[in-house]
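Novice: Sequence order for the protein chains is A and B. In terms of my numbering, the first sequence has 311 at position 311, counting the first letter as 1, and numbering is strictly consecutive. In terms of my numbering, the second sequence has 206 at position 206, counting the first letter as 1, and numbering is strictly consecutive.
Think of the hints as simulated: they come from the structure by calculation, not from any bench. Computed from a predicted structure; not experimentally measured. Do not rely on the hints blindly, as some may be mistaken.
[Unchecked claim] Derived DSBU-like pairs (lysine-lysine); straight-line CA-CA distance at most 35 Å:
# : chain 1 : residue 1 : chain 2 : residue 2
1 : A       : Lys-25    : B       : Lys-267
2 : B       : Lys-315   : B       : Lys-92
3 : B       : Lys-267   : B       : Lys-177
4 : B       : Lys-329   : B       : Lys-267
5 : A       : Lys-25    : B       : Lys-315
6 : A       : Lys-25    : B       : Lys-177
7 : A       : Lys-25    : B       : Lys-92
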Amino acid sequence: MSATQELEFRDAIRDAMSEEMRRDKRVMLIGEEVAEYNGAYKVSRGMLDEFGPRRVIDTPISESGFAGMAIGAAMMGLRPVVEFMSWSFSLVAADPILNNAPKMLFMSGGQFGCPIVFRGNDGAGGQLGSTHSWSVEGLFSNVPGIKIVIPSTPADAKGLMKTAIRDDDPVFFMESERMLGMKGDVPVGEDVLVKFGQALIRREGADCTLASWGRPVHFCMEAAQELAKEGISCEVIDLRTIRPLDIGSIERSVRKTSNLVIVDQSWSFGSPGSEVAAQIHQRCFDDLDNHVHRVHTEDVPAPYAFNLEQEYLPNTRKICEAVRSATYNA
Amino acid sequence: MDSPRGNLSMPTPTTDGNSAHDVHGGLPIPRRAANRPVPNAQLLRGWYREMVLIREFEIRCMQAYQDKKIGGFCHVYIGQEAVAVGCVAALKPQDPLVTAYRDHGHALARGMTARACMAEMFGRVDGCAKGKGGSMHMFDREHHLYGGHGIVGAQTPLGAGLAFATKYEDEVMNNGKSSRVTLCFLGDGALNQGAFHEALNLAGLMNLPVIYVVENNGYSMGTSIHRGTTQSHDLSSKALGYGIDATVIDGMNVMEVYHGMKDVVEKSRRESRPAFVDMRCYRYKGHSMSDPRKYRSRDEEAIWEQGDPIGTFEKFVLDQGAITQDQIKSLQKEVKAEVRDAIEFADNSPVPPLSDLYHDVYREPWGKYSGTSQPRMYGGALNPPTFRATREGDGLI
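Required output: the full structure, derived from the provided sequences and hints.
Specialist: This is the structure we're talking about:
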């Protein structure tokens with residue numbers, strides 16, 4: 001095992017971007033407040049000082065404009081990293097990020113690709129209300145041509161970000177404001193990358209598989225600990241990327257545990273969670289002891305009040321209830 | 001027809017003082033060509049041939065569309081030929097070009113073959129995008145054509161991005177100064193899209209060498225510019241608000257387009273700054289093939305047809321002695337044959353294999369297609385698809 005250092009989630013992302021920018025002059029960072037302000041959430045702290053204003057570029061509040069501009073630059077061969085202060089704000093850039101980036105390669109018959117990374121905060125922050133709390137993977141995972149990355153640890157954040165920057169396709173990289181201060185051991189080394197489409201078993205277990213990604217992975221770990229006290233052994237799988245989706249790892253786990261609970265912080269209707277459920281029902285029909293259970297964000301707009309927001313999001317209690325139900329321990 | 005705001009100078013030399021055909025309601029258009037040296041005869045003949053080729057190509061497109069050889073939407077360029085030909089003539093071959101969905105003329109002017117363009121519209125494998133783009137999405141890497149874009153205004157931020165990249169290459173990559181200028185075409189309808197305003201603001205703010213050429217044909221689909229755009233009589237105000245210099249050019253006259261654009265391109269290249277051009281023109285046909293043109297009078301069309309850019313230029317090159325009547329006849333014959341050949345070529349080109357559906361979705365695929373569920377395909381039409389790498393050596397990452 002290589003050496004590690006303890007880093008905050010935000011600094012792991014920053015280190016990944018900085019290392020890739022040192023490696024490749026085509027890589028640049030652009031977005032609102034990324035340069036002189038050092039990042040609205042301090043993810044790009046220090047990058048302006050190191051790379052200067054030609055490669056770390058402040059934009060006005062103009063998502064549609066700068067997202068489209070970065071896509072044009074990517075068509076020419078640059079490798080822009082575009083920060084959305086929040087993925088909720090990416091909705092005003094829907095046309096460039098959904099109609100241009102993922103389709104350029106296809107509709108140009110393979111002539112123009114789009115090696116670009118869009119990144120920013122996804123999911124509910126702290127009481128930000130309905131407009132600022134989107135989990136956009138629910139919307140965007142529907143679109144072919146995009147890769148979607150949702151890390152749950154600083155180590156994965158760094159390794160996946162480096163892979164994203166080196167990838168030749170558009171990558172939507174989703175961070176969580178609630179996790180940016182989280183610390184974790186991160187492998188040291190310029191070439192420690194995490195492959196896309198490779199899930200990680202965070203905890204081994206025998207009775208029920210918990211499949212999740214991003215922040216709710218931690219709720220799953222808490223739930224697994226809780227349920228262990230009741231004699232229910234959970235296997236926790238962290239998918240890490242939604243597209244590509246490592247369905248094989250979930251399938252193998254379900255063949256072992258015969259039960260699956262999916263924890264997805266986007267809305268349930270037409271979501272990554274419903275997709276995983278459909279695929280597992282198709283692949284593991286005879287292996288399942290129960291139908292696949294799903295824990296999602298409640299099917300309502302995000303509320304402001306603290307207690308309502310806690311009830312709105314997936315949480316440990318809901319996960320425990322779902323596992324008990326799935327394993328007939330309710 | 002709409003009542004225009006002013007009885008001002010007409011964009012065509014055929015103006016009769018009657019404001020009935022003043023669709024732009026615009027200010028007088030400066031004349032530049034008269035005071036400039038005339039380009040050599042070979043160049044003039046080349047431009048004339050390009051314009052005739054685009055016209056003939058579009059006429060045959062309309063026929064092919066009626067014959068159901070071309071599907072979807074099809075927007076022809078008839079009447080605006082001088083714009084594409086004059087603008088491209090003012091550029092260097094390596095200058096990036098991006099445009100909207102009325103893009104066949106730009107593609108041909110940029111050097112795409114009539115065969116590749118027609119085969120694309122026929123949805124055939126020899127099309128410029130292997131039949132996967134269609135009429136509205138013409139791409140040509142070799143000729144620095146970054147598309148045809150189907151969503152109104154969507155290409156305007158892309159144009160800023162192309163210019164951003166050329167400037168970045170010059171300033172950061174140390175590739176030497178290529179000082180490329182990007183040309184971004186848009187229709188007057190795009191003036192009302194948010195993307196256009198954001199693009200202009202960014203281009204002005206970041207000093208991007210991108211030229212926005214508004215092909216102002218007076219109508220966004222069936223809506224006259226007066227009904228959709230403020231300050232329609234003087235579009236330069238749109239650009240001035242973003243600190244960008246604006247120019248009006250007569251888009252019905254290729255000599256005016258060339259000389260006007262030459263100035264704009266040189267300035268943009270020299271100063272590494274954006275520019276905005278109100279290119280006054282007229283489309284002779286409908287917005288698309290299904291448009292009966294009820295929003296404008298046949299009289300108005302007839303008056304504009306008197307100022308046909310090809311007729312005007314034909315007279316000019318004859319007067320200059322750059323071409324003879326016989327040469328025109330043989331050139332027209334040659335062009336007809338070229339387009340006929342393109343139609344035959346497209347007709348004989350194979351349809352794309354069904355497996356093509358799964359190619360070029362990702363540059364770096366992850367092996368067997370597992371991004372979404374694999375619904376059973378009843379009737380055996382398709383086997384479970386596998387993404388194929390688009391480049392040699394690509395595989396699992």
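Novice: Each hint should be assessed against the structure and marked as holding or not.
Specialist: Each hint tested on the structure:
1. Under the criterion of a C-alpha separation no larger than 35 Å, the hint pairing Lys-25 of chain A with Lys-267 of chain B is consistent with the structure, at around 28 Å.
2. For the given pair, Lys-315 of chain B sits about 27 Å from Lys-92 of chain B by alpha-carbon distance, which is consistent with the 35 Å threshold.
3. About 16 Å separates the Cα atoms of Lys-267 of chain B and Lys-177 of chain B, which keeps this hinted pair within 35 Å; it holds.
4. Restraint check: the Cα-Cα separation between Lys-329 of chain B and Lys-267 of chain B comes to about 39 Å, which exceeds 35 Å; the hinted pair is violated.
5. Simply put, Lys-25 of chain A and Lys-315 of chain B have alpha-carbon atoms about 52 Å apart, too far for the 35 Å limit, and the pair is violated.
6. Distance check on the hinted pair: Lys-25 of chain A and Lys-177 of chain B sit about 16 Å apart at the alpha-carbon level, within 35 Å; holds.
7. Taking the CA atoms of Lys-25 of chain A and Lys-92 of chain B, the gap is near 26 Å; set against the 35 Å cutoff, the hint holds.
When each numbered hint is compared with the structure, violations occur for hints 4 and 5.
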